[in-house]
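With the hints as constraints, model all of the structure from the sequences given.
Protein sequences, first through last, are from chains A and B. So in the working numbering, spot 115 of the first sequence is number 413, and the numbers just go up one at a time. So in the working numbering, spot 225 of the second sequence is number 523, and the numbers just go up one at a time.
Read the hints as simulated data drawn from the structure, not as lab findings. Keep in mind the model is a prediction, meaning the values are calculated, not measured. Even glycine gets a Cβ: it sits at the ideal position worked out from N, Cα and C. Take these hints with a grain of salt, some might be off.
[Said to hold, decoys possible] Think about it this way: if two alpha-carbon atoms lie no more than 27 Å apart in a straight line, the pair counts; the simulated BS3-like pairs of lysine-lysine are:
id	chain 1	residue 1	chain 2	residue 2
1	A	Lys-411	B	Lys-549
2	B	Lys-665	B	Lys-464
3	B	Lys-536	A	Lys-626
4	B	Lys-434	A	Lys-549
5	B	Lys-626	A	Lys-536
6	A	Lys-626	A	Lys-464
7	B	Lys-542	A	Lys-326
8	A	Lys-549	B	Lys-414
9	A	Lys-326	B	Lys-549
10	B	Lys-569	A	Lys-549
11	A	Lys-509	A	Lys-569
12	B	Lys-326	A	Lys-542
13	B	Lys-549	A	Lys-434
14	B	Lys-549	A	Lys-400
15	B	Lys-411	A	Lys-549
16	B	Lys-626	B	Lys-443
17	B	Lys-509	A	Lys-549
18	A	Lys-569	B	Lys-549
19	B	Lys-443	B	Lys-342
20	A	Lys-549	B	Lys-400
21	B	Lys-344	B	Lys-443
22	B	Lys-326	A	Lys-549
23	A	Lys-414	B	Lys-549
24	B	Lys-569	B	Lys-536
25	A	Lys-509	B	Lys-549
[What the hints assert, rightly or not] Calculated Cβ distances over 10 Å to all of chain A for the following chain B residues:
id	residue
26	Asn-345
27	Glu-375
28	Lys-434
29	Lys-464
30	Lys-569
31	Val-633
32	Ile-671
[Stated by the list, open to error] To list a few chain A residues with every Cβ distance to chain B over 10 Å, as calculated:
id	residue
33	Glu-318
34	Pro-329
35	Lys-400
36	Lys-434
37	Leu-435
38	His-438
39	His-465
40	Ser-637
Protein chains: 2
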Amino acid sequence: MDEKANGIGTVETQFFTFDELFLELGEKLGPVTLAYETYGTLNKQKNNAILILHALTGDAHVAGWHEGDKKPGWWDEMVGPGRAFDTDKYFVICSNVLGGCKGSTGPASLNPKTGKTYGLEFPIITIGDIVNAQEKLIDHFGIKKLLAVAGGSMGGMQALEWFVSKHPKIQSSIVIATAYKHSPQQIAFNEVGRQAIMSDLDWMEGDYYGKAVPSKGLAVARMIGHITYMSDISMEQKFGRQVKTEKQPFKFTAEFEVEGYLLYRGGAFVKRFDANSYLYITKAMDLYDASRGEPLAQVFNGIQSRMMAIAFESDWLYPPYQTHEIVKACKMAGVNATSCKIESTYGHDAFLLEIEEESHLIRHFLKKVYEEIQVTQVYEI
Amino acid sequence: MDEKANGIGTVETQFFTFDELFLELGEKLGPVTLAYETYGTLNKQKNNAILILHALTGDAHVAGWHEGDKKPGWWDEMVGPGRAFDTDKYFVICSNVLGGCKGSTGPASLNPKTGKTYGLEFPIITIGDIVNAQEKLIDHFGIKKLLAVAGGSMGGMQALEWFVSKHPKIQSSIVIATAYKHSPQQIAFNEVGRQAIMSDLDWMEGDYYGKAVPSKGLAVARMIGHITYMSDISMEQKFGRQVKTEKQPFKFTAEFEVEGYLLYRGGAFVKRFDANSYLYITKAMDLYDASRGEPLAQVFNGIQSRMMAIAFESDWLYPPYQTHEIVKACKMAGVNATSCKIESTYGHDAFLLEIEEESHLIRHFLKKVYEEIQVTQVYEI
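Quick look at the structure:
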């Protein structure tokens, strides 16, 4: 109760529906619903809004508590009164991505043309499409310019895409633990996850709704993911070579603690996530290339918004050099960008765990950006 | 033809069978057959023999050509007249590991007790068991002391185990790209591969012989492996973000070259490897701990044999620090050990690819070891 009292308190997911979205790869999708949550109060000038962007398997529920839940939202420690995304000052929005399975339109939604779930009839979507859908939500609130967009991992890709294609609508972007395009290694890890899903006989070319879901394949995909989210060191610290059981013969049951952990996490994941969404969203990440095939600095030319980029020392899935490439290109283009590297042993998971360091950086950055627009507005009067 | 003429030429796999093997975990296995090949000539003193130890999915066919094959053995460039393992001077032996599927006794062999294939009735084996079986083969040749044992990856674990438990029977050990025990991250990658296999409905608790094999699960396991064998850089150099096809809509077919490569390698692998062997051999690797739970230096105490350890800069599956741990412990124990780190961008695959650098190191090391025993023998006369 105390934990709840200090933060956002109880929240509910809301829904926004619009008629249609023109997709980057040429198709049209509609109607489109986005699940979203908001925290804090939008001020009269509508200039204190921050859009938080979630990662691959995240959702709109970034902070506060859902009725009856045992855990708060996925970045609760970062969002709330007095926290880095300070809801006493800012109005925070988070929406579930297009293609997701947490209330937004995705492959598990009803296809109005057929009256059945989309399955693989759902069109291939891109990070650009995800951001275009978010823009509709922001327009719906009547917000002309966001104070900031912020996200880690795939959320960082969206923060970058806002920065590149919608910079007149944002004061700043906080880009965490991400890449402007996936390396072949990053594509490879996603592809193996997709293959694990599609190899599951229950997948049935994506047409499994109302039947058995491809839970084994999805669990394997998630286990691969978990290995890449941790570091060699963090696994060593968490598990070592601890053995779960001394029972012989163990054959191929989970024996080392790390095996039990992966099985548990894989099993828990299939209860909360849709396999087809996993395919579509990982594909969107793999297709993303903020540079549009040009030298990256070129797409940053003339951008007036600010960027803060954060990377983590032991993150080998999105290694710091990839963040450095983004900031370097910003600087070449004369764009105001800061690069921060946090020392952490948590690997990629650090963006969800290094709360203190991140809070410090983000609090300070937002304060500066917010002060700047207030000064600007005084002049404008 | 020229390529064949310069090397070993045509070779044939041979077989050695012995009655039984007492396994480290308490069970008894027999009869046991090892598939093996030899190259060069064992000299009269029987002191020029080298045992080469293969990696996870390797076999006894390290060099030369099998009748009708389009490719030579897996380390052909290293073994032959004038090559690093010089068959003009040395007698080279390589055997398929116990538990394997390339002619040695493994889960696909007939269980004499039941008259059926073992499947999961096959006992859990260890790196120690694999080495104990090899020792029987060496005894069969009447070799009292091997000039060297040498291997990379899981072969390196065997080379290390010979060094620890059978050092009176080896002059030297060449330990390449390996670890004295698997880290949780290494266990995790193997475990996800095993889960992919066991999730395949065709696996049927290992009882699939004569029916459909769990090819999809095994292919996924192999794809995970391939990612870990390469480096971020080598993947970038080999594939970049090259797209295989411009055809739209691509949905979830392989689109990036790296995806096509993984699918191809995964598909090719299931034709040549048994899924149950993959389970047993990866488990043997995960269970291995050369230190026996003691400080590593302790197991090296009093060893008179020499060691050369080789690591590769970009190998993130068996990072150089793991080799360094082995050599450091040797030095603490006063054992003659040399550590070499080869600069390479190939990742773990480097032990199969950095032929020139490896040849240089190994040729020189073997020459020194061989000269030493000849001097010793002169004194003995």
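Going through the hints against the structure:
Distance check on the hinted pair: Lys-411/A and Lys-549/B sit about 19 Å apart at the alpha-carbon level, within 27 Å; holds. Note on Lys-665/B and Lys-464/B: the hinted pairing holds, with a Cα-Cα distance of about 22 Å set against a maximum of 27 Å. For the suggested pair Lys-536/B and Lys-626/A, the alpha carbons sit about 25 Å apart, so the restraint of at most 27 Å is met. For the given pair, Lys-434/B sits about 26 Å from Lys-549/A by alpha-carbon distance, which is consistent with the 27 Å threshold.
Restraint check: the Cα-Cα separation between Lys-626/B and Lys-536/A comes to about 25 Å, which is no more than 27 Å; the hinted pair holds. Between Lys-626/A and Lys-464/A the CA atoms are separated by roughly 20 Å; this keeps the pair inside 27 Å, and the hint holds. Restraint check for Lys-542/B and Lys-326/A: the C-alpha separation of about 26 Å stays at or below 27 Å, so the hint holds. Distance restraint check for Lys-549/A and Lys-414/B: the Cα-Cα separation of roughly 19 Å lies within the 27 Å cut-off, and the hinted pair is therefore satisfied.
For the hint linking Lys-326/A to Lys-549/B, the alpha-carbon distance of about 16 Å falls within 27 Å, and the restraint holds. At roughly 25 Å between alpha-carbon atoms, Lys-569/B and Lys-549/A fall within 27 Å of each other, so this suggested pair holds. Note on Lys-509/A and Lys-569/A: the hinted pairing holds, with a Cα-Cα distance of about 14 Å set against a maximum of 27 Å. Proposed proximity of Lys-326/B and Lys-542/A is supported: the alpha carbons are some 26 Å apart, at most 27 Å.
The suggested pairing of Lys-549/B with Lys-434/A holds, with an alpha-carbon distance near 26 Å, which does not exceed 27 Å. As the CA atoms of Lys-549/B and Lys-400/A are separated by approximately 22 Å, the hinted pair is consistent with the 27 Å bound. Restraint check for Lys-411/B and Lys-549/A: satisfied, since their Cα atoms lie roughly 19 Å apart, inside the 27 Å limit. Taking the CA atoms of Lys-626/B and Lys-443/B, the gap is near 26 Å; set against the 27 Å cutoff, the hint holds.
Our distance criterion of 27 Å between C-alpha atoms is met by Lys-509/B and Lys-549/A, whose separation comes to about 22 Å. At roughly 25 Å between alpha-carbon atoms, Lys-569/A and Lys-549/B fall within 27 Å of each other, so this suggested pair holds. Restraint check: the Cα-Cα separation between Lys-443/B and Lys-342/B comes to about 13 Å, which is no more than 27 Å; the hinted pair holds. Between Lys-549/A and Lys-400/B the CA atoms are separated by roughly 22 Å; this keeps the pair inside 27 Å, and the hint holds.
Restraint check: the Cα-Cα separation between Lys-344/B and Lys-443/B comes to about 8 Å, which is no more than 27 Å; the hinted pair holds. With a C-alpha separation of about 16 Å, the suggested pair Lys-326/B and Lys-549/A falls inside the 27 Å cut-off, and the hint holds. For a cut-off of 27 Å, the pair hint linking Lys-414/A to Lys-549/B stands: about 19 Å separates their Cα positions. The straight-line distance between the Cα atoms of Lys-569/B and Lys-536/B is roughly 25 Å, inside the 27 Å bound, and the hint therefore holds.
Distance hint between Lys-509/A and Lys-549/B is fulfilled; the C-alpha atoms sit about 22 Å from each other, no more than 27 Å. Residue-level check passed: Asn-345/B sits 38 Å from the nearest beta carbon of chain A, beyond 10 Å. Distance check for Glu-375/B against chain A: the nearest CB is about 26 Å away, which clears 10 Å, and the non-interface claim stands. Every beta carbon of chain A lies more than 10 Å from that of Lys-434/B, the smallest distance being close to 24 Å; the non-interface claim holds.
Every beta carbon of chain A lies more than 10 Å from that of Lys-464/B, the smallest distance being close to 24 Å; the non-interface claim holds. The beta carbon of Lys-569/B sits about 16 Å from the closest Cβ of chain A, which is more than 10 Å, so the claim that it is off the interface holds. The non-interface label for Val-633/B is consistent with chain A: the shortest C-beta to C-beta separation is roughly 24 Å, beyond 10 Å. Interface exclusion of Ile-671/B from chain A stands, the closest Cβ pair being 38 Å apart, more than 10 Å.
Here Glu-318/A stays apart from chain B, with its beta-carbon at least about 18 Å from theirs, past the 10 Å limit. Every CB of chain B is more than 10 Å from the CB of Pro-329/A (nearest about 21 Å), matching its label as outside the interface. Its beta-carbon lying about 21 Å from the closest one in chain B, Lys-400/A satisfies the requirement of being farther than 10 Å from that chain. The claim that Lys-434/A lies off the interface holds: its Cβ sits roughly 24 Å from the closest Cβ of chain B, which is beyond the 10 Å cut-off.
Against the 10 Å criterion, Leu-435/A stays outside the reach of chain B, whose nearest CB is about 26 Å from its own CB. Chain B leaves His-438/A outside its interface by the beta-carbon criterion, the shortest separation being 30 Å against a cut-off of 10 Å. With a closest Cβ-Cβ approach of about 24 Å to chain B, His-465/A is found to remain outside the 10 Å limit, as its non-interface label requires. The beta carbon of Ser-637/A is kept farther than 10 Å from every beta carbon of chain B, the shortest such distance being approximately 20 Å.
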